[in-house]
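*Asks:* The residues making up each chain are set out below.
Protein chains: 2
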Amino acid sequence: MAGSTGRHAVRFELRQQSKSTAARLGRVTTKHGSFDTPAFMPVATAATMKGLTPDQITSTGAQIILNNAYHLMLRPGAERIAHFGGSHAFMRWDKPILTDSGGFQAWSMSEGTKISEEGVEFRSFVDGSKVLLSPERSIAVQNAIGSDIMMAFDDCPPALKPTTPVEDPQLSRKRRSDPAEHQKRLEAAIDRTARWLERCVAAHARGDEQGLFGIVQGGTDLTLRQRSVEQICAFDLPGFAIGGVAVGESPDEIHRTVAAVAPMLPSDRPRYLMGVGYERDIVAAVKAGVDMFDCVLPTRNGRKGYAFTPTGAVRIRNACHTLDPTPVDPTCDCLACAGGFSRGYIRHLFMADEMLGPTLLSIHNLRHFQRLMVDIRAVIGDDRWFDLESRWPVLGTPATAEVDP
Amino acid sequence: MAGSTGRHAVRFELRQQSKSTAARLGRVTTKHGSFDTPAFMPVATAATMKGLTPDQITSTGAQIILNNAYHLMLRPGAERIAHFGGSHAFMRWDKPILTDSGGFQAWSMSEGTKISEEGVEFRSFVDGSKVLLSPERSIAVQNAIGSDIMMAFDDCPPALKPTTPVEDPQLSRKRRSDPAEHQKRLEAAIDRTARWLERCVAAHARGDEQGLFGIVQGGTDLTLRQRSVEQICAFDLPGFAIGGVAVGESPDEIHRTVAAVAPMLPSDRPRYLMGVGYERDIVAAVKAGVDMFDCVLPTRNGRKGYAFTPTGAVRIRNACHTLDPTPVDPTCDCLACAGGFSRGYIRHLFMADEMLGPTLLSIHNLRHFQRLMVDIRAVIGDDRWFDLESRWPVLGTPATAEVDP
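Here the protein sequences line up with chains A and B, keeping their order. Note that the working numbering has the first sequence beginning at 4, numbered continuously upward. Note that the working numbering has the second sequence beginning at 4, numbered continuously upward.
By construction, these hints were calculated from the structure, which means they are not laboratory data. Certain hints may be false.
It does not matter which identical chain is meant; a pair holds if it fits inside one copy or across any two.
As the list claims (entries may be wrong) - Straight-line alpha carbon distances no greater than 20 Å define the calculated SDA-like cross-link-like pairs of lysine to any residue that follow:
| no. | residue 1 | residue 2 |
| --- | --- | --- |
| 1 | Lys-98 | Arg-387 |
| 2 | Lys-53 | Gly-6 |
| 3 | Lys-98 | Ala-341 |
| 4 | Lys-98 | Gly-343 |
| 5 | Lys-53 | Gly-343 |
| 6 | Lys-98 | Lys-307 |
| 7 | Lys-117 | Arg-195 |
| 8 | Lys-117 | Ala-263 |
| 9 | Lys-53 | Gly-347 |
| 10 | Lys-34 | Pro-269 |
| 11 | Lys-290 | Asp-39 |
| 12 | Lys-98 | Gly-342 |
| 13 | Lys-164 | Ala-191 |
| 14 | Lys-133 | Arg-27 |
| 15 | Lys-53 | His-74 |
| 16 | Lys-164 | Pro-266 |
| 17 | Lys-53 | Lys-307 |
| 18 | Lys-53 | Arg-394 |
| 19 | Lys-307 | Asp-356 |
| 20 | Lys-133 | Glu-212 |
Turn these sequences into a full structure, and let the hints guide you.
*Replies:* Listed below in structure tokens is the structure:
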């Protein structure tokens, strides 16, 4: 029977609170087991984390992963995943899975996209066919995938002056960069997000197994954020997310917005900051009281030959690594570094376009982020943030130093 | 000090002889451990088995792998591999490695190739530079790679009427298809192969660690084969190979030649049939007394979406697998089949161009060939060949049924 928030399918236990910051230690429990928070969720877009077996994902310490509803509804199709018993059985991952709603990808990855009160219409990247993604369809897709945590279908406009190019089908670039137009767009988006959440809750058919998280919008406007929080938190949901802060804002804008919005969210529910980010962004958000993170950076940059290390990014193709017998990060315990694969060898794999190169750097980068989370969780207990920053010098580097190919 | 056959770096123990056939059970021991024979050696061309970690290779049951000297001398370069302590350390594989000489690839994979008494001149596929590969250079490359078994640098002409297109820089296609010209070419090749073997032995600088195998040529001409055997077996080498039977001959020609040539080789040394092949070809050669095999089929076909099974090849992209929840081969114990990855899921990975698809099918196909070898070794002990053929129906299928994309 449809109509649920899945309030009891996802339980949050708040275990410890930092004294000097708003950071907190917790544990989220789902039908497929628990994960510790603050948590980093790597992304397995098409029911596979590119080039990695589930065992290799597990070896990185990941306790929960993310699937993209947008990709899976188009290929192989949500109904087909249901035929195989859901994404856990399909991709052989027995721990928790979170699905996004598909809305963000529908307008950011497709051409000819139109947003209306009904939903988002776009052309499939697989065969060019017209697809309508509505709150009801998004929930049906996520019900079919069988994720432990589902995300509400929201309206997520890009930033006023995005630092990276993003499209908004609702506004032309010219109108979008007009502050007054942008403000109207943001306002409309939060109200629509609230109306769509109501439709998501009404459509949710598996509330006993899947929890539905709401998403707060409002861009960098804290008044709008407050209004969105009031609208979204009026629903008795098992968790809440901060959306619309990884859609082209500067790191400073992200930090300021998150620091203000996280404390507005109920303290007895997990708080999820969507699509963020670099190590520094994660630590800042943890200090603001955020519990969950996802990002494609470790796998996407790994596939392109960029390794994360505690002292900053390493471009493995650089000639300086040619004869280097040391691992990517001598302090790392991942399968690549502890397995003795040298920078020189991994560079060779990338120069020869060998698949094992992306696989090894993805494993390393995923472990890098999980080790950061382990250290963050250890620090929250005794509030020794200085220890964290001395172990992770990259936290002190400016945003301009980051490598994003 | 140069000049050695590496006679004692590779030891062969003949353990059991089939009563009804010339098949034999044995064990080859090198400085990096032992492997059981008959053995199948998968190919790790560029010091990596495409998409697989060494742990995944080990999981398939491989006890020895092959590296290609041709690829490694061009990228990253033999001296660079020596800098990293040889291929074992470079690619993190601690079991035996065999290297080919590079000669076959030099004339089959390059353009503008010229063969002379000095060696083979070709253009590098990496940067187009001119490279001379001589017996001395091939041995120096293999010494630098540090393989346990090195192959002599031989002259290997293609078949008279190749079933697949192969080039011979020594002869135009027209002259090559003239039987008299082809016969002269074969004769010249065996004599040159013998002269080059002498130069290989003289150049071998690490005879205490690396064994050098000689290669018998002569095409499908058994008189020439006999002469080549006499020339090559005059050297006290730790093993002998049958070359020139996977260069465009029909399966029947291969079987006939191998059945005649294998018994000509010394029974107290391992016999290696280069580049062969399908399951049926392997079993036929085992019955003729061959001990070692290598082939790219399991990995190359796996990457292209073809799975080997005991009942024949499966094209995983075929629509009939779309909803199939069963593994590629329900009798298989590989990481993919025993891990519960369904045909439907692996098909999805191939349709979505996801790296995990090639990885899983490569693992499965490699395990398929190793399971065949396990069964072959079990059968040799009690001569129950009928059991083998009933367990592997593919052995009874005609050559035309094979799928080679």
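*Asks:* Which of the stated hints cannot be reconciled with the structure, identified by number in ascending sequence?
*Replies:* Of the numbered hints, 1, 2, 6, 8, 10, 14, 16, 18, 20 do not hold.
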